[in-house]
Each structure stands twice: as C-alpha cells, then as structure tokens.
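**Q** Let the sequences and hints guide you as you build the complete structure.
The listed protein sequences correspond, in order, to chains U and R. Here the numbering used here is used: the first residue of the first sequence is 1, the next is one more, and so on. Here the numbering used here is used: the first residue of the second sequence is 1, the next is one more, and so on.
If you're looking for bench data, these hints aren't it; they were derived computationally from the structure. These figures come from a predicted structure and were not determined experimentally. Do not rely on the hints blindly, as some may be mistaken.
Unchecked claim - Residues of chain U placed beyond 10 Å of chain R at every Cβ, according to the derived structure:
hint, residue
1, N21
2, A33
3, L43
4, S64
5, E149
6, A161
7, P216
8, A242
9, T247
10, P259
11, G283
12, D289
13, R305
14, E327
Claimed, not checked - Below, computed lysine-lysine pairings styled on DSS-like, alpha-carbon distance capped at 30 Å:
hint, chain 1, residue 1, chain 2, residue 2
15, U, K140, R, K140
16, U, K325, R, K140
17, R, K325, U, K325
18, U, K243, R, K140
As the list claims (entries may be wrong) - Where chain U lies over chain R, by a calculated footprint (3+ residues, C-beta under 8 Å):
hint, segment
19, 25-37
20, 96-104
21, 269-278
22, 315-328
Using N, Cα and C, we set each Cβ at its ideal position, and we do this for glycine too.
Protein chains: 2
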Amino acid sequence: MRLVTTAFAMTCFCTPALAYNWEPLPDNPPIPADNPQSDAKILLGKTLFFDPRFSEHGTLSCNSCHNVMAGGEDNRPNSIGMHDARGGRSAPTVWNSAFQGVQFWDGRAPSLEEQAKGPVVNPIEMGMPSLDEAMARLRKIPAYASMFEAAFPGENHPVTADNAAKAVAAYERTLVTPNSPYDRYVKGDKRALTKQQVRGMNTFAEAGCVACHSGPTFNGPQAPGQGFFMKFPTFEGSPFEAKYHLTDDGGRFEATKNPADRHMWRVPTLRNIALTAPYFHNGQVATLDEAVRVMAKTQLNKTLRPTQVADIVAFLNGLTGEFPKQEMPRLPTTPGFSVIPPIDPHLKQQRPHS
Amino acid sequence: MRLVTTAFAMTCFCTPALAYNWEPLPDNPPIPADNPQSDAKILLGKTLFFDPRFSEHGTLSCNSCHNVMAGGEDNRPNSIGMHDARGGRSAPTVWNSAFQGVQFWDGRAPSLEEQAKGPVVNPIEMGMPSLDEAMARLRKIPAYASMFEAAFPGENHPVTADNAAKAVAAYERTLVTPNSPYDRYVKGDKRALTKQQVRGMNTFAEAGCVACHSGPTFNGPQAPGQGFFMKFPTFEGSPFEAKYHLTDDGGRFEATKNPADRHMWRVPTLRNIALTAPYFHNGQVATLDEAVRVMAKTQLNKTLRPTQVADIVAFLNGLTGEFPKQEMPRLPTTPGFSVIPPIDPHLKQQRPHS
Numbered sequence: 001m002r003l004v005t006t007a008f009a010m011t012c013f014c015t016p017a018l019a020y021n022w023e024p025l026p027d028n029p030p031i032p033a034d035n036p037q038s039d040a041k042i043l044l045g046k047t048l049f050f051d052p053r054f055s056e057h058g059t060l061s062c063n064s065c066h067n068v069m070a071g072g073e074d075n076r077p078n079s080i081g082m083h084d085a086r087g088g089r090s091a092p093t094v095w096n097s098a099f100q101g102v103q104f105w106d107g108r109a110p111s112l113e114e115q116a117k118g119p120v121v122n123p124i125e126m127g128m129p130s131l132d133e134a135m136a137r138l139r140k141i142p143a144y145a146s147m148f149e150a151a152f153p154g155e156n157h158p159v160t161a162d163n164a165a166k167a168v169a170a171y172e173r174t175l176v177t178p179n180s181p182y183d184r185y186v187k188g189d190k191r192a193l194t195k196q197q198v199r200g201m202n203t204f205a206e207a208g209c210v211a212c213h214s215g216p217t218f219n220g221p222q223a224p225g226q227g228f229f230m231k232f233p234t235f236e237g238s239p240f241e242a243k244y245h246l247t248d249d250g251g252r253f254e255a256t257k258n259p260a261d262r263h264m265w266r267v268p269t270l271r272n273i274a275l276t277a278p279y280f281h282n283g284q285v286a287t288l289d290e291a292v293r294v295m296a297k298t299q300l301n302k303t304l305r306p307t308q309v310a311d312i313v314a315f316l317n318g319l320t321g322e323f324p325k326q327e328m329p330r331l332p333t334t335p336g337f338s339v340i341p342p343i344d345p346h347l348k349q350q351r352p353h354s
Numbered sequence: 001m002r003l004v005t006t007a008f009a010m011t012c013f014c015t016p017a018l019a020y021n022w023e024p025l026p027d028n029p030p031i032p033a034d035n036p037q038s039d040a041k042i043l044l045g046k047t048l049f050f051d052p053r054f055s056e057h058g059t060l061s062c063n064s065c066h067n068v069m070a071g072g073e074d075n076r077p078n079s080i081g082m083h084d085a086r087g088g089r090s091a092p093t094v095w096n097s098a099f100q101g102v103q104f105w106d107g108r109a110p111s112l113e114e115q116a117k118g119p120v121v122n123p124i125e126m127g128m129p130s131l132d133e134a135m136a137r138l139r140k141i142p143a144y145a146s147m148f149e150a151a152f153p154g155e156n157h158p159v160t161a162d163n164a165a166k167a168v169a170a171y172e173r174t175l176v177t178p179n180s181p182y183d184r185y186v187k188g189d190k191r192a193l194t195k196q197q198v199r200g201m202n203t204f205a206e207a208g209c210v211a212c213h214s215g216p217t218f219n220g221p222q223a224p225g226q227g228f229f230m231k232f233p234t235f236e237g238s239p240f241e242a243k244y245h246l247t248d249d250g251g252r253f254e255a256t257k258n259p260a261d262r263h264m265w266r267v268p269t270l271r272n273i274a275l276t277a278p279y280f281h282n283g284q285v286a287t288l289d290e291a292v293r294v295m296a297k298t299q300l301n302k303t304l305r306p307t308q309v310a311d312i313v314a315f316l317n318g319l320t321g322e323f324p325k326q327e328m329p330r331l332p333t334t335p336g337f338s339v340i341p342p343i344d345p346h347l348k349q350q351r352p353h354s
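**A** So this is what it looks like as structure tokens:
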C-alpha cells in the first residue's frame with residue numbers, strides 16, 4: 001500500500017501545472033516597422049558588434065561584455081571598461097534580448113536601437129567621447145561605406161550613428177535560442193524534461209515565480225517600448241539584503257528620479273539563466289541555487305526546502321536553448337594605418353615582455 | 001621615338017626581378033611530429049583561443065590581442081592587459097605565425113606550443129598567477145574534459161597545460177592566408193598584381209629588402225626552433241632612431257642577456273603587413289609608408305624616393321591573403337555558476353550605469 005501511495009504521489013508531482021499557460025519561445029522576435037531585417041543589415045550589425053575600434057583604446061567591442069560565444073554576457077559581477085573601470089551593474093545577456101520591451105536593467109532604453117548607442121559613449125564602458133567621434137573613426141574604414149549602402153539602400157547618407165544602431169539591433173534580433181528542453185516539452189515531447197525538471201516546473205508555478213517570470217521569455221508581459229518592472233526586494237529586511245547589497249542601487253529611480261521607481265527593476269528573462277552567473281543587477285550572488293533562494297525570500301516571502309530549490313534549478317537548466325551556428329565576421333581593413341589613436345596619455349608602460 | 005623609349009622603359013620596369021626566387025605561400029606550415037593535427041584538437045584549440053576565462057578577470061582571451069577577425073593582432077602600439085597594464089611591445093600577428101621558426105619579437109619561444117603558455121601568466125597580459133591556476137579553472141568547466149579526451153585520445157590524464165598549448169598551436173597552424181595577389185602572381189597570374197605593385201616588387205628586391213625579408217613568408221630562412229634575427233637599427237644614428245624610440249628596448253638581449261643580442265630582433269613576416277599598423281616592435285610608427293622609409297634608412301642606409309616608397313607600399317598591399325571562413329566556437333558552460341572569481345580586490349566601483 002505504501003508503495004502505491006508513493007507511486008501515486010510521484011505521478012501527481014510530475015504532472016505539469018496545467019492551469020498555467022506555458023508558452024514556447026516564438027521563432028522570431030518583434031521586428032519594428034522602421035527597421036526591417038535584411039541579410040546585408042544583419043551582416044553589418046554583426047561586424048559592428050565584433051569591431052573593437054569603436055572603443056577608446058580599440059580593446060572592447062559589444063561582444064567583450066555580451067559574449068555571443070557564451071551566454072551573451074561576461075560571467076562577471078560587473079564588466080570592465082576602459083582604464084580598468086567597473087560599473088555597478090552586471091551585463092545582461094544579449095541572447096533573446098529582442099523579446100524584451102525595454103533594455104538595460106532600469107529599462108531606460110525603449111528599444112535595442114537606443115540601447116546600442118549607450119555603451120559606446122559610456123566613460124566606464126567603451127569610453128568614446130561622442131558618437132560623432134565613433135562615426136569619424138568608422139568613416140576612415142573604407143569598406144564600411146559600401147556595407148552601410150547595402151544595408152540601407154536608397155539613403156543618400158547612410159553612414160550614421162542611427163543606422164549603425166539599427167544594424168546592431170537587426171543582428172541582435174537574430175540572437176534567439178530555440179528548442180530548449182522546456183520548449184520541446186511544452187510543444188509535446190514529454191521526455192524533453194526530466195522528472196525532477198517537471199517537479200521544478202510545477203514548484204516554479206505554484207510558489208508564485210510565474211507572477212513576474214511569465215510569458216515565453218519568463219520576463220512578464222512585453223510590448224515594444226513597454227517595460228515590466230518589479231520592486232526588488234519586495235519583502236524587505238531579509239538577511240540577503242545586506243549580505244548581497246541588494247538595495248545599494250536605486251534601480252529605475254536612477255534613470256527616472258521618480259521616487260516610486262526606487263528599487264524597481266526590469267524583470268529579466270530566465271532563458272539561458274544557467275549560463276549567466278553571477279546573478280542579479282549587481283552580480284553579487286554567485287550561484288543559481290542561491291539566486292532561487294534569494295528570489296523566493298525577497299519576492300515571495302517564502303523559504304524553499306532544499307529539494308524545492310534543487311528542482312527549480314533543474315527546471316531552470318531546462319531553459320537553456322540551442323545557439324545558432326555563426327560565422328565570424330571579417331572586420332573591414334584600413335591598409336597601412338590604424339584608426340586607433342597612437343598617442344596614449346594614460347600610458348603606464350611597464351617592462352617589455354611580449 | 002620618345003614614346004617608344006618610354007614604353008620600353010615601362011616594360012623593363014614592370015618585368016619582375018627574375019634573379020630573385022619569389023616563393024608563394026605553402027599550403028600548410030610545418031607540423032611537429034609530436035603534435036599532429038586533428039579536427040578535435042583544432043576545435044579544442046580554437047575554443048581555448050577564444051575563451052576569456054583563463055585571464056585573471058575573465059576579460060581577455062588570446063583573440064583579444066591577436067584578433068583573427070582582423071589582421072591577427074590589435075592595431076595598437078601595445079596591447080592592454082589586466083588593470084590597464086601596457087607592455088612595451090606590439091602584438092605580433094597570429095596569421096601565418098606557424099611559418100615562423102621561433103615566436104615572440106625576441107624569439108624566446110622555440111615553438112607555438114611554448115608561446116601559447118606565455119601570455120596566460122604574464123602579469124601585464126592575461127595575468128593568471130600560474131598555469132596550474134588556469135588549469136584549475138579549466139577543470140571546473142565540465143565539457144572541456146571530453147574535448148581534451150577527443151583531442152588527445154588514449155592519454156590517461158589529457159587535461160594538462162601542455163596539451164592545452166598543443167591544441168592552441170594546432171589551431172594556430174590553421175591560420176594561414178593563401179592566394180594573395182602576390183601568390184597568384186608568382187604562380188603565373190600576371191594580372192594579379194598591378195603595374196605599380198610589380199614595380200614595387202622589383203624595387204623591394206633591388207633595394208635589398210629581400211636580404212632579410214626573404215622566403216615565402218618574407219621573414220628569412222626558417223626552421224622549427226631556429227630564429228632569423230637582425231639588428232635594428234643596423235645603421236645607427238638616423239633621426240628615426242630618436243623619433244621612434246627604436247633603441248629603448250634591448251630586443252633579444254632582454255631574453256638572453258648576451259651582449260651580442262642587443263637590439264637583435266626576429267625578422268617579422270610581411271604577410272598581411274598592410275593590416276597590422278602601427279609598426280615595429282614598439283608600434284611607434286603609425287603608417288606603412290613611414291615604416292618603409294624607416295626600414296630603408298636604418299637597415300639599408302638608403303633614402304627612397306617618394307615614388308619608390310609608394311611602389312613598395314603598393315607591393316606590400318599585394319601580400320594580403322585570403323582569410324578562411326571560420327565558425328565561432330561555443331564556449332563550454334558551467335551551469336549555475338561562474339569560474340571567474342567573484343571577489344575583486346581591485347574594485348574601483350563607479351556609479352551604476354549599465
């Protein structure tokens with residue numbers, strides 16, 4: 001009799017939470033009407049994304065902190081920019097970012113196009129003095145002219161910062177990871193997730209995680225230009241708050257200066273979340289299991305049992321998708337010279353050794 | 001009559017210097033007997049080459065300073081390592097480096113295998129405290145174990161720094177750029193070089209550049225482990241010497257401490273030289289035409305006419321080869337955590353902005 005009960009209990013536990021509408025990843029993200037995709041534009045965007053010459057010292061490209069050969073970010077608490085500078089926030093993943101209504105942790109950019117222009121001129125990131133100066137460097141690289149012409153046919157002066165940003169955004173809209181075990185499961189392949197992952201999926205729903213982490217990219221309702229924000233921590237005063245400095249950063253308030261936005265954050269996607277440690281806006285939580293505990297306590301006022309944490313982590317590992325094969329771009333050349341300024345006022349020359 | 005003379009003179013001028021044995025690039029570089037190529041080894045090497053996790057802060061990979069999407073280096077006077085550190089020497093190109101008998105500007109590494117282990121532990125480059133520590137990080141990344149097993153079948157403990165270096169060297173031996181206009185020309189396609197380029201080719205030979213820049217990779221006689229070195233400047237006292245700080249660095253002497261090696265340098269390849277500005281060991285010369293003037297004066301005691309410089313530069317542009325298409329590697333994952341240490345004693349935290 002005991003055996004039967006256990007088997008029955010296991011069966012129950014492994015049935016997905018049917019009341020919740022689990023959605024697979026759409027094949028394509030929304031494409032804005034004023035920036036349609038094209039092969040030439042995507043190639044230009046990929047090339048710009050990998051080109052380090054639009055950083056002050058020619059050392060950092062978009063890919064340096066949003067590494068598409070990995071989880072789309074840099075697995076660091078915070079990125080390192082020009083002159084060893086660090087910001088206070090952790091680089092968000094570029095994978096599936098096209099499914100987000102707004103960009104940056106505080107949602108201050110309403111589109112990928114707007115986001116793309118930020119890091120180039122951020123003094124603690126790529127450190128260019130202005131977009132004009134970045135474009136001046138770009139114009140010294142002959143082959144970019146024809147690439148912009150091919151990407152923006154019919155325009156009289158296509159080589160602009162706005163078009164560069166459009167191209168980068170078009171490339172980013174190709175960075176989609178379909179066919180995760182989760183996606184295959186909800187499309188009908190009931191063997192795509194393990195029993196533990198299905199238990200975790202149920203616990204994820206029943207505990208209330210889906211209140212915020214809903215929808216196909218697990219970041220709540222999304223519409224172009226519309227962000228979905230949540231207060232973090234919602235339940236104040238847990239030991240995690242001091243331990244991980246959760247309230248040192250004002251969040252969206254820093255962008256809007258609206259007191260109602262203090263400690264409000266864009267709900268991040270959970271797609272490929274297993275690949276983007278360390279966690280949260282400040283990258284202070286090292287592991288996914290601790291991130292699950294922190295979330296449960298600060299957002300739902302729940303202390304999960306160790307098995308529940310393990311099950312949810314197993315489920316979250318099922319959100320890792322397939323990464324499309326990509327060819328490396330060839331960076332257009334400047335035969336006989338470099339566009340990176342040779343004079344370096346910050347030179348800290350050390351002994352020769354290379 | 002004058003017309004005929006001119007035509008005759010042009011014909012003479014455009015005939016290649018037949019006395020000199022111009023050699024095309026071989027299809028393959030030498031492969032050491034103890035490190036045969038295999039697809040699994042090359043894939044492992046490419047993956048390691050692009051993996052930034054073997055630098056102190058997880059920000060730099062081999063490719064950061066030896067960018068294979070460009071000319072195989074970083075187009076900077078000197079590279080930037082951990083904590084904004086700069087060395088005194090310019091990163092050499094990785095393209096066709098497999099045709100060099102020795103590695104580094106001072107030739108201190110007798111093979112690509114030995115070279116590969118240097119930058120990882122150089123405090124002003126990738127800054128790992130030791131190769132052991134780098135391998136300790138690598139061993140935390142589960143999928144590398146099977147990649148090493150596939151690359152080094154039959155070995156009991158294949159996950160070693162020596163094997164990592166072998167794999168990187170195997171990948172680098174695929175970084176060959178065939179079919180430059182020069183190669184096509186010397187193989188019989190007489191239209192592959194322009195008339196100006198052929199004039200430059202002749203001037204290059206007649207002026208004596210080929211005394212050092214000989215052979216298929218224009219870096220003199222090469223044999224595995226055997227370097228070809230030359231004193232730079234050979235003719236001392238030119239104004240270029242002070243202007244470009246040519247003698248600040250002792251060159252090979254810094255590695256051997258043998259006084260005879262002072263200001264001796266490995267003769268660099270000229271393949272793809274148009275893509276690797278700025279020039280020379282210290283990267284102090286911004287343009288290829290100035291580099292040609294400096295070489296002629298300091299190595300041959302010649303002051304070239306502007307047309308000769310332009311012709312040689314045109315010829316050197318004909319040494320830019322075809323770059324093979326490459327697929328981006330996927331970096332093996334560590335689900336739920338990062339191998340990059342979260343604690344950063346050098347933290348210079350600035351305002352949150354990412």
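**Q** Hint by hint, note whether the structure agrees.
**A** Results of checking the hints against the structure:
no.	hint	verdict
1	N21	holds (27 Å)
2	A33	holds (29 Å)
3	L43	holds (13 Å)
4	S64	violated (7 Å)
5	E149	holds (22 Å)
6	A161	holds (19 Å)
7	P216	holds (21 Å)
8	A242	holds (17 Å)
9	T247	holds (12 Å)
10	P259	holds (17 Å)
11	G283	violated (8 Å)
12	D289	violated (7 Å)
13	R305	holds (18 Å)
14	E327	violated (6 Å)
15	U/K140 / R/K140	violated (44 Å)
16	U/K325 / R/K140	holds (25 Å)
17	R/K325 / U/K325	holds (13 Å)
18	U/K243 / R/K140	holds (26 Å)
19	25-37	violated (count 0)
20	96-104	violated (count 1)
21	269-278	holds (count 4)
22	315-328	holds (count 7)
Checked against the numbered hints above, the structure violates hints 4, 11, 12, 14, 15, 19, 20; every other hint is satisfied.
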